[in-house]
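Could you build the full structure based on these sequences and the hints that come with them?
2 protein chains.
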Amino acid sequence: MSSGSEFTPISTIGEFGLIDRLRGILGEPGDDDLVAGISDDAAVYRIGEGRVHIVTSDMLVEGVHFDRLTMPMEYLGTKSIAVNVSDVVAMNGMPRFATVGLGLPETVSIEQVEALYRGMRKACDAYGVALIGGDTSAAHELTIAVTVIGEASEDAVVYRSGAVPGDILCVTGDLGASYAGLRVLLDQRRALQEEGESYSPNVEDYQYVIQRHLLPTARLDIIRDWRKRGVQPHALIDLSDGLASDIQHICTQSGFGAQIHVAALPVAIETRQVADELAQDVDTFALFGGEDYELLFAAPPEDIERMDDTSFRVIGRITPEAEVVVVMPDGQSFPLHGGGFEHFRGK
Amino acid sequence: MSSGSEFTPISTIGEFGLIDRLRGILGEPGDDDLVAGISDDAAVYRIGEGRVHIVTSDMLVEGVHFDRLTMPMEYLGTKSIAVNVSDVVAMNGMPRFATVGLGLPETVSIEQVEALYRGMRKACDAYGVALIGGDTSAAHELTIAVTVIGEASEDAVVYRSGAVPGDILCVTGDLGASYAGLRVLLDQRRALQEEGESYSPNVEDYQYVIQRHLLPTARLDIIRDWRKRGVQPHALIDLSDGLASDIQHICTQSGFGAQIHVAALPVAIETRQVADELAQDVDTFALFGGEDYELLFAAPPEDIERMDDTSFRVIGRITPEAEVVVVMPDGQSFPLHGGGFEHFRGK
Numbered sequence: 005m006s007s008g009s010e011f012t013p014i015s016t017i018g019e020f021g022l023i024d025r026l027r028g029i030l031g032e033p034g035d036d037d038l039v040a041g042i043s044d045d046a047a048v049y050r051i052g053e054g055r056v057h058i059v060t061s062d063m064l065v066e067g068v069h070f071d072r073l074t075m076p077m078e079y080l081g082t083k084s085i086a087v088n089v090s091d092v093v094a095m096n097g098m099p100r101f102a103t104v105g106l107g108l109p110e111t112v113s114i115e116q117v118e119a120l121y122r123g124m125r126k127a128c129d130a131y132g133v134a135l136i137g138g139d140t141s142a143a144h145e146l147t148i149a150v151t152v153i154g155e156a157s158e159d160a161v162v163y164r165s166g167a168v169p170g171d172i173l174c175v176t177g178d179l180g181a182s183y184a185g186l187r188v189l190l191d192q193r194r195a196l197q198e199e200g201e202s203y204s205p206n207v208e209d210y211q212y213v214i215q216r217h218l219l220p221t222a223r224l225d226i227i228r229d230w231r232k233r234g235v236q237p238h239a240l241i242d243l244s245d246g247l248a249s250d251i252q253h254i255c256t257q258s259g260f261g262a263q264i265h266v267a268a269l270p271v272a273i274e275t276r277q278v279a280d281e282l283a284q285d286v287d288t289f290a291l292f293g294g295e296d297y298e299l300l301f302a303a304p305p306e307d308i309e310r311m312d313d314t315s316f317r318v319i320g321r322i323t324p325e326a327e328v329v330v331v332m333p334d335g336q337s338f339p340l341h342g343g344g345f346e347h348f349r350g351k
Numbered sequence: 005m006s007s008g009s010e011f012t013p014i015s016t017i018g019e020f021g022l023i024d025r026l027r028g029i030l031g032e033p034g035d036d037d038l039v040a041g042i043s044d045d046a047a048v049y050r051i052g053e054g055r056v057h058i059v060t061s062d063m064l065v066e067g068v069h070f071d072r073l074t075m076p077m078e079y080l081g082t083k084s085i086a087v088n089v090s091d092v093v094a095m096n097g098m099p100r101f102a103t104v105g106l107g108l109p110e111t112v113s114i115e116q117v118e119a120l121y122r123g124m125r126k127a128c129d130a131y132g133v134a135l136i137g138g139d140t141s142a143a144h145e146l147t148i149a150v151t152v153i154g155e156a157s158e159d160a161v162v163y164r165s166g167a168v169p170g171d172i173l174c175v176t177g178d179l180g181a182s183y184a185g186l187r188v189l190l191d192q193r194r195a196l197q198e199e200g201e202s203y204s205p206n207v208e209d210y211q212y213v214i215q216r217h218l219l220p221t222a223r224l225d226i227i228r229d230w231r232k233r234g235v236q237p238h239a240l241i242d243l244s245d246g247l248a249s250d251i252q253h254i255c256t257q258s259g260f261g262a263q264i265h266v267a268a269l270p271v272a273i274e275t276r277q278v279a280d281e282l283a284q285d286v287d288t289f290a291l292f293g294g295e296d297y298e299l300l301f302a303a304p305p306e307d308i309e310r311m312d313d314t315s316f317r318v319i320g321r322i323t324p325e326a327e328v329v330v331v332m333p334d335g336q337s338f339p340l341h342g343g344g345f346e347h348f349r350g351k
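If you read the sequences in order, they're chains B and A. Throughout the first sequence, residue numbering follows this note's numbering, covering 5 to 351 in sequence. Throughout the second sequence, residue numbering follows this note's numbering, covering 5 to 351 in sequence.
Possibly wrong hints are sitting among the right ones.
Because identical chains cannot be distinguished in the list, a pair is counted as satisfied if it fits within a single copy or across any two copies.
Listed next, the in silico SDA-like pairs over lysine to any residue satisfying Cα-Cα at most 25 Å (straight line) [claimed, not checked]:
(1) 232 / 35
(2) 232 / 52
(3) 232 / 34
(4) 126 / 32
(5) 232 / 199
(6) 232 / 166
(7) 126 / 155
(8) 232 / 307
(9) 126 / 53
(10) 232 / 198
(11) 232 / 37
(12) 126 / 39
(13) 126 / 20
These aren't lab readings, by the way, just hints derived from the structure by calculation.
Here it is as structure tokens:
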């Protein structure tokens, strides 16, 4: 019952390489109601009368996506729902239903699972999601697998692939804060482990960035506002891997390129402060830091004008050449080659 | 950031006890389109025009649900889809779409993940399911979280709660074979570990029971046949925890009891052979062995007559008293108190 002699580690091709290989094995699902499969933030299928459902699944694994030492259970519950809602939002869909699969090690108590579920409940209430089912199992590490199903009319769905040259590139909120928060938490965990009980973590000074990491918000408010104004972008993605990686998804799938102005990237003063303290370049946080769960979108100028201009910042534009070019504050420009956070890759 | 002083192990209340507690935290989801939530094999929500979708999520965890030493990757892929399809079938729904979340340890190769996906593809083809999305992540143990979405007209959905006194209780296929297969595999793994390379596992003599454990079949054929004949049972569940446990779900949720005749339980000759070799009672396998994924249903005599009588066996009936009574082959009877397989509980 061995599985053959070949053994190629997944790290040799990375997460995206693996997904490409698996897509080949799966082939094209021959379902007439399927509108979009494994190539966007979420899959889309028709439910009738020009309406679609949008489904997405994300798995959070202890030691990979979170650390129980720095991540309170209730926050973890809220975040596990929010990141899936964010994927539905990134298709311009409204979240409706969620299921949860929990893998629970013996070191997790009933009280902790209850805290986790209180966090999920809060997120479900905030996003109008009904948690309708799930599965619990024993496991050696805490594992949370959430599936969220959303709804939209078929012509309201926005894909990664719709950007065209001339479109303006925009992001909501600010960038790099989640990564700054992660760095602070890692520092504080190290200090806690080294100094023990005598160490008192400084949460107040870093409240904003820590919150951005532990309790990210899915930008349902943005797409609700678009719906009210009767406007929608050409292409849309949520920033989970980091701007540098996520812009590549839009460009690759649209078949065009982009020019991004680093000086225009919105960065919170608190994020800049953390970067300064660590003697690091805050632009790196903004370009490569993941898990901000803000929205990156491309839209023609006339549609941009119809949106609430306090809710986003223009950071560049879609170009005909299939390359992403970053323009630095000093005017120099260089091509960007992926570089977002990927699991499995060696550091 | 500690989580309070209380620490009550989950094992003190078991999986079902935990689910009850969590249901209290979630409350009643206030969604008008939700038909059934966390109380059946799957959740049910309206998609319009008297039609519903049926959604179910299951998590398979290495070391809990399977052992990589005795479970070939391709079979694992097929099984992970089949057990979720079985939950949709247990609502009398047709499976349509699936998403997969994979937690992959470094000890799993690209070739193994490809084998896993080939198995999923086979199951998807067999059950008419389109695999439309998912997520891969690093993990310390192989974890497979599958969500399957099915479809039905709202009045075709069969719940656990619909059984009434006078209904006949039936099961499809045969019982206890999966458990017999598991016992054989555990024996062979032990021998392999003790005797090393010199040990040659005997797969031929135990092919049937091993196959029943490694490659269970969701009984989509049964509900397709019912649909063709225009008949459906009052109550329906798939046998995943074991007959003794699953009949309790039907009785508790229907508010009635049942009488089961042990002499009528269908058992394959191969299952009986394994029980004999282990000097164990095969009726115990049939009553308490889980993971057969056969269907247990309750239907009135006139509907039973309209079904294909080669596809099921009558094993008892629904009674007015809220108690499950087992009648032994010698005519003695005793009440049954749960006892199916539950995670978390001490052995």
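Violated constraints from the hint list, given by number and in increasing order: Going through the list in order, the structure violates hints 5, 9 and 10 and respects the others.
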